[in-house]
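*Asks:* Given the sequences, and given the hints that come with them, work out the whole structure.
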Amino acid sequence: MEWPHMTETVEEPIDEDAEATEEPEKETDEEEAEVEEEEEDKEKNKPKTKKVEKTVWDWELMNDIKPIWQRPAKEVEEDEYTAFYKTFSKDSDDPLAHIHFMAEGEVTFKSILFVPTSAPRGLFDEYGSKKNDYIKLFVRRVFITDDFNDMMPKYLNFVKGVVDSDDLPLNVSRETLQQHKLLKVIRKKLVRKTLDMIKKIAEEQYNDKFWKEFGTNIKLGVIEDHSNRTRLAKLLRFQTSNSDTILASLEQYVERMKEKQDKIYFMAGTSRKEAESSPFVERLLKKGYEVIYLTEPVDEYCIQALPEFDGKRFQNVAKEGVKFDESDKAKENREALEKEYEPLTTWLKDKALKDKIEKAVLSQRLTNSPCALVASQYGWSGNMERIMKAQAYQTGKDISTNYYASQKKTLEINPKHPLIKQMLKKVGDDAEDQTASDLAVVLFETATLRSGYQLADTKAYGDRIERMLRLSMNVGLDEQDDPEDKDEIVDEEDDDESVRTLNMLWHLKDVKNLDAGVLSFLAASS
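In terms of full-length UniProt numbering, the sequence shown has 213 at position 213, counting the first letter as 1, and numbering is strictly consecutive.
Check the hints yourself; a few may be wrong.
Unchecked claim - Below 25 Å or equal to it, Euclidean Cα-Cα: the simulated BS3-like pairs (lysine-lysine) are:
id, residue 1, residue 2
1, K287, K356
2, K329, K349
3, K188, K154
4, K408, K323
5, K199, K154
6, K66, K209
7, K349, K408
8, K287, K319
9, K425, K397
10, K416, K329
11, K349, K319
12, K184, K136
13, K359, K273
14, K421, K349
15, K319, K408
16, K354, K421
17, K359, K323
Think of the hints as simulated: they come from the structure by calculation, not from any bench.
*Replies:* What follows is the structure in structure tokens.
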């Protein structure tokens with residue numbers, strides 16, 4: 001019977017007309033009565049009776065059960081919480097977690113909150129504008145409303161539960177009640193209790209269930225909720241270089257940090273494969289540093305909202321500022337290399353790439369790649385630029401006018417790479433060499449792609465690649481297609497050799513493969 005669940009919130013007693021069966025006594029004949037001999041004298045003057053069933057109707061109290069949130073938590077069984085959750089939420093699954101508490105202070109209220117096992121359908125549809133109907137407000141056990149804009153913050157729009165307070169007024173409209181100052185106090189306490197509830201979910205269950213369903217909500221909370229940012233940061237989970245399958249919390253990352261490591265390193269990309277194959281993480285991984293991989297669009301925003309965690313600042317390895325602890329001898333060697341390569345870095349900045357880069361410096365983060373394009377501390381990484389361009393496309397804006405998009409970046413070169421060594425030699429021999437200039441531009445554009453950025457002029461890039469191909473194969477720069485070759489069918493629309501070359505390059509599987517092909521031609525032509 002559903003009546004107890006439906007009526008337990010009503011203060012006044014509710015009676016239902018209920019059917020019952022009685023057995024009143026009825027007189028019988030003497031011969032039907034069986035009486036012991038010793039009682040015959042006492043009973044001989046009394047009428048003889050028998051019991052006969054009879055149906056009668058009477059009132060039965062239906063709401064004698066107190067609301068579950070009004071009872072002490074220690075008196076409520078787990079199956080009672082589950083049954084109550086399924087009844088009021090209309091969810092067929094058991095809740096993942098719950099918390100039952102009474103808050104006292106400026107306002108007194110009782111509440112039960114639940115985390116569902118799976119995310120409600122359309123969780124992020126109309127995010128921020130859709131009203132939350134998962135929290136039901138009662139005042140003195142009288143249901144008031146579940147039509148709220150801000151009973152819970154947007155990022156906790158999946159939490160379900162009830163709130164019952166005797167301190168809120170009953171004789172006002174719902175619209176007026178929603179503006180009541182005590183609701184802000186209730187909201188604040190609900191958020192704290194919700195975060196406590198989430199924190200207590202077992203680690204294995206948290207990673208396997210909660211984070212898969214509601215991880216994005218926690219990241220949005222870090223961005224939006226300044227007052228609870230520290231608490232929310234402890235709930236974050238990320239992929240890292242420490243494990244291919246197990247997610248890590250920031251607390252676990254800090255515990256595993258190397259001695260004298262003062263920053264938390266992270267790399268953003270569209271996938272783990274892209275992030276871990278980036279040139280920016282080469283030396284970090286080689287030296288045994290753990291790197292956090294950010295693979296969701298919201299991840300980089302989330303980390304940017306966190307100035308630090310446990311006293312450790314975050315460092316985007318695709319930006320300036322990556323430094324390693326080095327001995328005095330290592331420092332002397334680096335300074336000697338900087339002096340040796342000064343002609344090349346100066347030539348790149350002032351001549352070959354003067355309109356394209358802010359400066360050229362020797363890199364401390366590269367081991368295998370010849371060069372990389374590095375953003376300033378306040379600039380956009382390649383991943384962020386891609387996200388911003390996608391947003392601009394949706395809104396019809398021109399991102400090229402954005403201050404961050406137009407910032408020049410730093411070209412970091414690897415002094416141990418053979419291409420860079422050969423380029424230093426070429427510049428030393430003849431700084432006006434056109435081949436050296438072409439090599440520099442192609443290296444810059446290749447580094448742009450590998451660093452996650454997009455090229456502004458893909459046709460010019462194709463032309464330069466074609467020039468490198470011709471030089472490496474001893475084909476004249478002015479040599480054209482043979483018009484007498486009847487076996488070759490030429491499409492007039494694709495007659496431009498540079499366009500065909502560019503199409504060929506872009507059909508390679510990924511940027512890393514493209515770079516391998518380009519760099520092999522560059523090495524051969526050097």
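*Asks:* Against this structure, judge whether each hint is valid.
*Replies:* Against the structure, the hints:
1. Under the criterion of a C-alpha separation no larger than 25 Å, the hint pairing K287 with K356 is inconsistent with the structure, at around 31 Å.
2. The hinted pair formed by K329 and K349 fails the criterion: a straight-line CA distance of about 28 Å is larger than 25 Å.
3. Note on K188 and K154: the hinted pairing holds, with a Cα-Cα distance of about 13 Å set against a maximum of 25 Å.
4. Taken as a hint, the K408 and K323 pair is honoured in the structure, with Cα atoms around 21 Å apart against an allowance of 25 Å.
5. Proximity of K199 to K154 is assessed by CA-CA distance (about 19 Å); at most 25 Å being required, the pair is judged to hold.
6. Taking the CA atoms of K66 and K209, the gap is near 33 Å; set against the 25 Å cutoff, the hint is violated.
7. For the given pair, K349 sits about 11 Å from K408 by alpha-carbon distance, which is consistent with the 25 Å threshold.
8. Of the supplied pair hints, the one linking K287 and K319 holds, its CA atoms being roughly 19 Å apart against a limit of 25 Å.
9. For the hint linking K425 to K397, the alpha-carbon distance of about 45 Å lies beyond 25 Å, and the restraint is violated.
10. Proposed proximity of K416 and K329 is supported: the alpha carbons are some 17 Å apart, at most 25 Å.
11. Note on K349 and K319: the hinted pairing holds, with a Cα-Cα distance of about 18 Å set against a maximum of 25 Å.
12. With a C-alpha separation of about 15 Å, the suggested pair K184 and K136 falls inside the 25 Å cut-off, and the hint holds.
13. A hinted pair counts as satisfied when its Cα atoms are at most 25 Å apart, and K359 with K273 does not qualify at roughly 29 Å.
14. Taking the CA atoms of K421 and K349, the gap is about 17 Å. The hint holds against a cut of 25 Å.
15. Among the hinted pairs, K319 with K408 is consistent with the structure: their alpha-carbon atoms are about 12 Å apart, no more than 25 Å.
16. A threshold of 25 Å between alpha carbons decides the hint, and for K354 with K421 the separation of about 20 Å falls inside it, so the pair holds.
17. The straight-line distance between the Cα atoms of K359 and K323 is roughly 18 Å, inside the 25 Å bound, and the hint therefore holds.
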